[in-house]
Structure formats: structure tokens, C-alpha cells
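Line by line, the protein sequences give chains A and B.
Here my numbering is used: the first sequence runs in plain steps of one and ends on residue 816.
Here my numbering is used: the second sequence runs in plain steps of one and ends on residue 563.
No wet-lab data here; the hints were simulated from the structure.
Accuracy of the hints is not assured; some may be wrong.
[What the hints assert, rightly or not] Non-contacting residues of chain A with respect to chain B, defined by C-beta distances greater than 10 Å in every case (computed):
(1) M538
(2) E618
(3) R642
(4) V665
(5) R721
(6) V792
(7) N798
[Unchecked claim] The following residues of chain B were derived to be distant from chain A, with all beta-carbon distances above 10 Å:
(8) G286
(9) P315
(10) P369
(11) A403
(12) M537
(13) P547
[What the hints assert, rightly or not] Label pairs and their computed distance ranges (CB to CB):
(14) P539(B) x I752(A): 42 to 52 Å
(15) L634(A) x P374(B): 21 to 31 Å
(16) A621(A) x E426(B): 24 to 34 Å
(17) N567(A) x P539(B): 33 to 43 Å
All C-beta atoms in this analysis are idealised placements derived from N, C-alpha and C, irrespective of residue type, glycine included.
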Amino acid sequence: MIFSPPRWNIRHGLNGDFIFKSITVLFAFSILGILLLMTVEMYQQSLPSLLKTGWAFITGREWDAVNGDFGALPYIHGSVVSSILSLALATPLSIATALFITEVANRKAGSVIAALVELLAAIPSVIYGLWGILVMAPWLQRTVEPFLNDHLGFLPFFSGPPYGVSMLAAVLILMIMIVPIITSITKEVLLAVPDSQREAAIALGATRWEMIRMAVIPYGRSGILGAVILGLGRAIGETMAVTMVIGNTPKISWSLLDPAYTMPSVIANEFAEASSQLHGAALMEIGLILLVITLIINFMARLLLWSMTRSTGGGA
Amino acid sequence: MNAIRKAFVTLALFACALTAGTAGAETLINGAGATFPYPIYSKWFSEYAKIHPDVKFNYQSIGSGGGIKQITAQTVDFGASDKPLSDAELKAAPGQLLHIPTVMGAVVVTYNLPGVGKGLKLTAETLTDIYMGTITKWNDPRLVKDNPGVKLPASPIVVVHRTDGSGTTAIFTSYLNSVSPAWKSKVGTGTSVSWPVGLGGKGNEGVAGQIKTTANSIGYVELAYAFENKLPYASLKNKDGHFVEPSIASTSAAAAGAAKHMPADYRTLLVNQPGKNAYPIAGFTYLLVYSHQKDAAKGKQLVDFLKWELHKGQKMAPALLYAPLPANVVKMVEKTINSIKY
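One chain only, chain B, in its complex shape (with noise of 0.2 Å):
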């Protein structure tokens, strides 16, 4: 008897070593972020390890809030947020950050309202309102009046919006902020706001899944989330006066004047942008990384993954429904990559 399991620890320790051995031959890439492109970024590291079997990239979508923080303290080796640093963010990390931005996305009004379907019609002002607290039934005169046709409850608005640090809440609070000066007074924009109403829910799939479970309840979240969950979205009034709806085609609309005039470091917003076709929320999404990279090995491996996603990786996107980035910008980023420092 204690032969045998004497014979059997040894076969168990061998084993362990034998796995321990091929374990620390591939390199792990951590990152944490935005969860606004999460479905994209997961698509991307199962299509590059069939590709370099070598390196593994984990990915915690915590929010672009936790992905500035984690990349900032240097816990994680890139971060992501749909967020440009600021300039007290950007003096805070020790070395130099890069946006790197990989990928446009689109933030939509989702809802569940049983009867209707796609298209709800909302402008600025009405979803302000609706956000405010202002509005609080479905059956608004003044929702009823954009919607012609559309036949609204008269239920009370549940309306949903996100608990947790988030790049999607910069984009959508400062979408507010430019449309409705009440708004920009009382609440203004950041990953964290005071909401003045509304349910929580943790990251874009929490909203989701919030707006899934609950009738009449109204929230926004990143393009993606909504159409993989078979959630209806809004159209929204744009600048220009156009009832738009959130697509591949708007988003890049909406990126088109921002790119002539795109900053050196792309710290830039796609909110309320001129355009007939144009999206009104629509945002850049960037990954984080130090431009001298510490650990040379990792620094390669992340240099060569951004390579591919800027040219490889892109035209995964429209499948997901994110805008690839348009052809001066991709230019601009190739030049950025290849000046990271390893």
C-alpha cells in the first residue's frame, strides 16, 4: 500500500512539472479596460492565438475608470478606455501613455417596450429629459409627437444607466453636456456622474441584461451589446436636424470631419458632430500602453499584436458592428506604433 501511493505522488508531482514546464513557454498579456469594446477585443485575441500560439492576452473588461486606474499603477501591461485621458490622468502615470485607438463604436439608446420595435425617434431634448427625470412616462406628449404611429404605454420610464466607472457614460454624459446646458450645470460628464435618476447596472452587459429583464425600462449602451442581445435601439436626432440610426455607416460619418482635423495625440470626442448622416453618440475607443515598454519580450509581443488588429484586426469589425478607423487615422497610428520602444 505505501508503495503504491508512494508511486502515486511522484506520478502526480512529475505530471504537474511536466505541465509547469510547457505553461511557461508562452507569454501572457494582461489588459483591463473599457467594456464598450470588449466584443471586438475578445474576437481579436481568439483569431491572433490561432495565429501566435505562443501568446496568450487575458482581458478583464472592468470599465474604462478600472482600465486607467490598473494601467496607471502598472498591474496590467496595456490598458483600455473609450475615454481620453485628461491632462492631470496623463501627468499621473509614470512614463509616457499612448492612446493607440483601435476601433469606433457607437452608443445606443436601447429599450424594452413590449409593442415596439426598432426606431424609436428621439431628440436631443427628449432624451435629455428622459435622463433628467423630467420626462418619467412613455406616453409624453412629446414623445408620442416624434413617434407618430408608435403606440406608447402609459407606463412609467425605468430608466438604466451604469454604476461603474465607465468610458460609455463619458461618451454618452458628454453627448448631454453639448446638447443641453441644464444638463452640463446639474450633472456634467466623466466615467462617474450623479445621476439624477435611474436604475444601475455594472458594465454595458449589466445594462443589457437590466433592460432585457425589465419592461419599459430605457438605458445606453456600446452598438454591439445591443444588437447581440436582440435589443431594439433609437434613432436620434444629429445636428443637422436627421432622424439617424446607430450603424456602421453613421458611426464612420460621424468620424469623417473629426478626422481631418485629428490631433497628434487623438485625444478626441465624436459627439453631436456635423453631417447628414452622422451619428450624434459616437466615440474613438483606445488602448492604453507606456511608449517605453519595461519588459522587452511582452513590449514585442504587444507591438506586433497592435500591428496586426491596426491592419488584420480591422476588418473583423464591421461583422461586430464597430466602424474600422478611416485610412488617414490608420496612417497616423502605424507611425505611433512604431515609435513604442522596447
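One chain only, chain A, in its complex shape (with noise of 0.2 Å):
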């Protein structure tokens, strides 16, 4: 009697709906204070380093664990350069691929496409570095590079002797990886337009492609942005298959065919033996910025969201 009461006759006190309340209120704020437990511990750990070298952590070249000097520029270049890249080829890739299974292709092939694309998503990363190292980083090395050498050696990005492991082969994996998550998410943005809004356009004369461009893409404009970040966030994260074909060399280079490192990699390859207290409370820092970085890059992305959707007032 006390756990159901009846629907005219909601009570306070301790009766079935106020568990529920409480319980999801709680489940909600435990994330919430699950990320600041993370922020302050990460703080915390990383303090040693934060005193030591400041702000020019952010700015330092060097990385010795012998002589204890520690700058992280390097990686935060080859995070957000691999990330940003990864995503400028990735996000034309996903929502064509999206515009194709929802407007040109018919039902039973679009399905077929998009379950192909979801099992992208589902190859854990490891597999993606392994195909990456033995068989992608190879064919670049042997073809790729050589071929971007003679013919585009000229620009500083192209330059640069072929070593396979780089930048290039970075971006070419990232570029795989996200391509399923911003795709599945265009997809159901793009179902989501109403075939009024379709039918508007083309009844004012539109060919098929005015027709996108002109009612279904502005509709679904910050549901696409919320994919693209969600790639961007993945990009940005990436472990296992970047460590295996980025090279793993601490250097800024403009060119894409030199190797690089970035954020999680060389918090993977050295915090399980870092050597000296200081050395794991700099990669603790590193962590602390990617943390920073991301939620920099989310908070950012509400603030466009938030821009545009006023702007418009439509959409999802």
C-alpha cells in the first residue's frame, strides 16, 4: 500500500515516487561528482610537476626523465593536429555516406550500408593499430610516401624522408575509426527531418540535391555539429591504435610524412614504469590537459549549438 499509491493521491514522504526521485537525482549528480573526484585527483597527483615547471609545461620542447625536464608541446601538437586532421577528412566522408543511405539509396541497400558502418564502430582499436602497423604503415611507406615525396615534396608537408609510422598513417586510422560514429549519428539527424519539410522544397521546384541543401541539412544542422564532436572526442582520445603507427618520436614537424606522439600515447607507453616521482607526476599533468582540452572543445561546442539553434529555432 505504501509503495503504490494512487495516481490522485501523490503523497511526500516516503512512498514510491519519492525513492525514485531520489535514487535517479543521486545516480545523476555521481557522475558529476565522479568527473571533479577524477579533476582533483589528477590535480593532486600531478602537483609535484605543476610546481616545478608552471606554465611552461604547456610550452617546453624537451622531454628527459633522466635530467627531470619535462615540456609537453609536442604531444599537445600531435593530439590536436591528428584529431583535427582526422576529423577535416572524416566529416565530409560520413555525412555523404549519410546523405546516400537516407536520400539517394533505397530502403533495403541503405540498411545494408548502415550496418556495415556500425560494425566499423564495433572493431575494438587494437585490431585497427595492428592492421595499421602490418599492413598500412608498409603500403605507405612503400607507396604513399614515396609517391607524395615526388610529387608534392616541394610543400614542407610532403617533405621529409618515408618512414611508414607517422603523422600521415595517424590520421588515416583516426580518420577510419571516427567515420562510423558520425555517420550513424548524421544518419538518424537526417531521418529525423520531417518529409514535410522535403516535400516544402520540392513542391517550390527543388532538385533533389537543392532539396538537401536547402531543407534537410539546415534542419539538421546541430545534431550534425553533435556528431562531429562526438568524432572529435574519440579522435582526441585514441590510445592503442595511434601509439602503433604514429612513431612515438617527440618532435614538431610540419611535415605529415615525420612521426609524431601524442597525449594518451605517451601516457600509455612510459606511466606503467615511470621512473621518478616527478616523471608520473608530469604524466599525470598530461593527462590533466587532455582532461581540460576536451572538456574545452565539449563546452565550445554547446556555445555554437546554443548560437545556432537560437538563430534558426528549429532543428533537433
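Join the two chains into one complex using the hints; note that each chain is given alone, in its own frame.
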């Protein structure tokens, strides 16, 4: 009797509604609590390094465990460049795939392709890394990179000897890994566009492409942005696949053919045996920087989303 | 339907309880550390399990740096390292840590040069300069001079080193330290150094994999990894001026001199040893155990294993290209193992 009050008689006190509300509030705040605890713990663990190097940590280029000299700029550069480039390559590919699935292909073909794309997302990242280092990196070293060297070598982006494992390899692997995420979410967003919008555009005499451009994409703009941000989040945090194909060299270089190093990679490689307390604290500080960058990106995306939905007044 | 479901669940729970019961009967001993001796250790663990099915060893090859860290934190029962611990590291351990030398291995310089087979000749100077980035192309005049008759390509050298804390790195860099004052002042030695050039691989396995898939690359791995992956290795010029190929004989020759003056705690390096056939980059590899074992049952099992590997296990070493310990060292180690209390 106490746990199932009649619908018209909501009582205060220890009844089912109250318990339900408190449990859900507890769970919601516990997630916030975990995030806060993580940030506080990482800050505390990285204090020795924070106090020693201060802001110079973000601009320093030397990473010397023997002498206790730590600078994170090569890793920040590696993470940011690999994520942004892979996003730039993946976004048009994903949006085009999602458009194909929803607008162009017939229902059966569309669902088959959608299932295959989602299968790509289910593959563990270590498998991507193994494929990258055993198949893709040698192929890059033998075929693609000499080609780029010969024809585009005058550009600083494609200069330097071909190693195979390089920033280029990491960008390509990340692109393959984030396409399924962006595609799935964009597909859902596009499917949610009401048919009335499409029909209105066609009624005005638009061709198929004009209909997509005028009615479908603007309606789903905020959702597509959300998908892109999720893809960026995965790209920045991806550890194993990137570690295996990026070459693990903390050097900043203009060339895509040179090896690089990302923040998750250096933590994965060095944390298990950080030789001194300062070394461990420096790696924790890199983790803290990674967390802060992720929060900043998400915050900016939210801001962009808010400004876009405010002006258009429609969409998901 | 309900009765069938109930019966199924009861049966499943019963089966779990049964297997949990039998699993609890065997002792699990955890260890972590060097990738250098991983091939011989995994052979020993599997052979020992055939004789003693009640003991199970679980070894994680995470690198010597990781092994030192984990045994100091006491998260494992034994550690493994190619680099002997420094005084500071020994002091940081909560208890007296013993070094138990198990086998000797060679750090070989392996490469992937299409068309070039085993036996590329490298001197201390050319090897150091390759790793410093001074020599950048395979057809550098100094390499060509040392290797008449070998067709060296005009490609850039892809240098590979370790990213993780590694005893193999410690042995390799201590060799470069001893032959090159420039290396000593610029880079130094340790399980993790700031490499002037090169790509990084994780573990001996990572470096071997990187070399196997990248053309024109050069790197350093333990002999067993080069052998098992069918990678060619270089002959190095030793202290006496002879080009020596890494092998069990040349590794044992390197230890012959050091064995006469072996310190009581076994902390010594075997790099750049004198001797006509001595291979210049060799080293002992150690198991790290506490002299006072907290868990009596595990301690006894561990000591029994150590005694087995010191006598029976040594015989399996040559097949994997590790050199067995010299006879006088075996006697010393036996006394040390007997001193472990549990």
C-alpha cells in the first residue's frame, strides 16, 4: 500500500515517487561527482610537476626523464593536429555516407550499408592498430609516401624521408575510426527531418541536391555538429591504434610524413614504469591537460550549438 | 517453465562453485618486468607447470622499469630487470631486495635492409653516430668502408628505439656511454633516455615488429627476438678490435672476465668487456625477490622454482640463444637462494 499510491493521491514522504526521484537524482549527481573527483585527483597527483615547471610545461619541447626536464608541447601538437586533420577528412566522408543512406539509396541497400558502417565502429581499436602497423604503414612507406615525396615534396607538409609510421598514418587510422560514429548519428539526425520539409522544397521546384541543401541539412545542422564533436572526442582520446602507427617521437614538424607523439600515447607508453615521482607527476599533468582540452572542446561545441539553435529556431 | 529455469540456475551455480573450488587449490605466483628474458622465462614457466601442476606463474613483460616499480610497490611476488637496481632504488624498497641472476643475453643490433643479410659490420663509433643522428644514410662512407662488398642503399636510416622503461635500453646505452664521451654528455644512460633521433616501439616485441615492417630500419633487441623473427643482426667491433657476432659463445666470453670479480650482490654490467671473442653488448638478467618472503606458501614455491631454474632451467637456455650462467656464479647464486627466508 505504501509503495503504490493511487495516481490522484501523490503524498510526500517515503513513497515510491520519492524513492524513484532520489535514486535518479543520486545517479545523475554521482556522474558529476566522479568527474569532479577525477579532476581533483589528477590535479593532486600532478602537483610536483605543476609546481616545478608551471606554465612552461605547455610550451616546453624537451621530454627528458633522466634530467627531470618535462615539456608537453610536442604531445599537445601531435594530439591536436592528428585529431583536427582526421576530423577534416572524416566529416565530409561521413556526411556524404549518411546522405547516401537516407536520401539516395533505396531502403534495403541503405540499411545494409548502415549496418556495415556500424560494424566498423565495433572493431576494437587494437585491431585497427595491428592492421595499421602490419598492412597500412608498410604500404604507406612503399607506395603512398614516395609518391607524395616525388610530386608534392616541395610543400613542407610532404617533405622528409618516408617512414611508414607517421602523422599521416595516424590521421588515416583515426579517420577510419571516427567515420562510423559521425555517420550513425548523422543518419539518425537526417532521418528525423520531417518529410514535410522535403516535400515543401520539392514543391517549390528544387532538385534533389537543392532539397538536401535547403531543407534537410539546415534542419539537422545542430545534430550534425553534435556528431562531429563526438567524433573529435574519440579522435583525441584514441590511444592504442594511434600509438602503434604514429612512430612515438616527440618532435614537432610541419611534415605529415614525419613521426609524432600524442598525449594518450605517451601516457600509455611511459606510465607503467615512470622512473621517478616527477616523471609520474608530469604524465599526470599531461592527462590533466587532455581532460581540460576535452572539456574546452565540448564547452565550445555547446556554445556553438546554442547560438545556432537560437538563430534558426528549429532542428534537433 | 519456471521450474526448468530454476533448475538451470541451480545447476549453473553449482558448476561455478565446483570450478571455483578446484581453482583455489593451485598457487598463483605473479611476476612482472623485463621483456629481455621473456622467451626463456615463458619456456621455464610452461616446463615447470608440467612437473608441478599445483603452481601457476603469471608473468607480465612490461619492461624492466615496470618490474622494478611493481616489486617495490609489492603488487607482484617477483620482479625482473636487466638493469641492476641503483642504491637509491634499493633503499626505496620496503625490505631487502635480492638480485638473482638467471641467464645472460646479448643485445643485438638488428636491421631491415632489403638485399643485405646477416653480419653487417658496425664499430662503436658508427653505431653511436647512427643513434646520435650524425650518420643519416645507409651509404655513408664510413659504413661502406667497414663493409666492403655489401651493397648499401642510398636511403635514409630509420632508427628505432624503446619507448618504455627498459633494461635492454639500459644495457645498450651503458655500452654507448662507455665507448663515446659525446653520448655520455649529451644523452647518458638509464632505462628511459631522451633519444636524439628515432621512432619508438613498446617492448622488445614492439621494436622487432617495427623493424620487421619498416624498410631501411635499424634497432636494438635481445638476441632471441632477432632470431625468432628471422631478422639479421650486425657484428660489432669489440674492445680488442675484432668484429664479433652475437652468440652464446661470445656472450659467455663476455662474462668470463666479469665472473671472476663478481660482486656479492651481482650488480654488474657486461658491456665492453675485454677478450678476443667477447661480444661487447651483453648483460645478466635478474629476478628480483625479497629476502624475507611474507607469504610462506608462495615463498616456498618461489624458492623451489628458483632452485629448479638454476640447475634444470639453465639447460634450456642455449636453445633460445641465452647463455647459461658461469659455474662459479651458479655456486654463488645457490647460496643466495638458500638464504631466502619464508
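Right, here's what the structure says about each hint:
At the 10 Å boundary, the C-beta of M538(A) stays outside the reach of chain B, the nearest C-beta of that chain being 22 Å off. Every C-beta of chain B lies more than 10 Å from that of E618(A), the closest at about 30 Å, which supports listing it as non-interface. Listed as outside the interface, R642(A) is inconsistent with that label: its C-beta sits roughly 7 Å from the nearest C-beta of chain B, within the 10 Å cut-off. Chain B draws V665(A) into its interface by the beta-carbon criterion, the shortest separation being 6 Å against a cut-off of 10 Å.
Distance check for R721(A) against chain B: the nearest CB is about 42 Å away, which clears 10 Å, and the non-interface claim stands. Residue-level check passed: V792(A) sits 24 Å from the nearest beta carbon of chain B, beyond 10 Å. At roughly 30 Å from the closest C-beta of chain B, the C-beta of N798(A) stays outside 10 Å, upholding its exclusion from the interface. At the 10 Å boundary, the C-beta of G286(B) falls inside the reach of chain A, the nearest C-beta of that chain being 3 Å off.
Distance check for P315(B) against chain A: the nearest CB is about 16 Å away, which clears 10 Å, and the non-interface claim stands. Separation of P369(B) from chain A is adequate, the least Cβ-Cβ distance of about 26 Å exceeding the 10 Å criterion. Non-interface call for A403(B) relative to chain A: holds, since the shortest CB-CB distance, roughly 16 Å, exceeds 10 Å. Every C-beta of chain A lies more than 10 Å from that of M537(B), the closest at about 28 Å, which supports listing it as non-interface.
Here P547(B) stays apart from chain A, with its beta-carbon at least about 30 Å from theirs, past the 10 Å limit. Taking 42 to 52 Å as the suggested C-beta distance range, the pair P539(B) and I752(A) conforms, at roughly 47 Å. Distance hint check for L634(A) and P374(B): the Cβ-Cβ separation is about 23 Å, which falls inside the suggested range of 21 to 31 Å. Take A621(A) and E426(B): their Cβ atoms lie about 28 Å apart, and the range 24 to 34 Å holds.
The supplied range of 33 to 43 Å is met by N567(A) and P539(B), whose beta-carbon atoms lie about 40 Å from each other.
Against the hints set out earlier in the document, violations occur for numbers 3, 4, 8.
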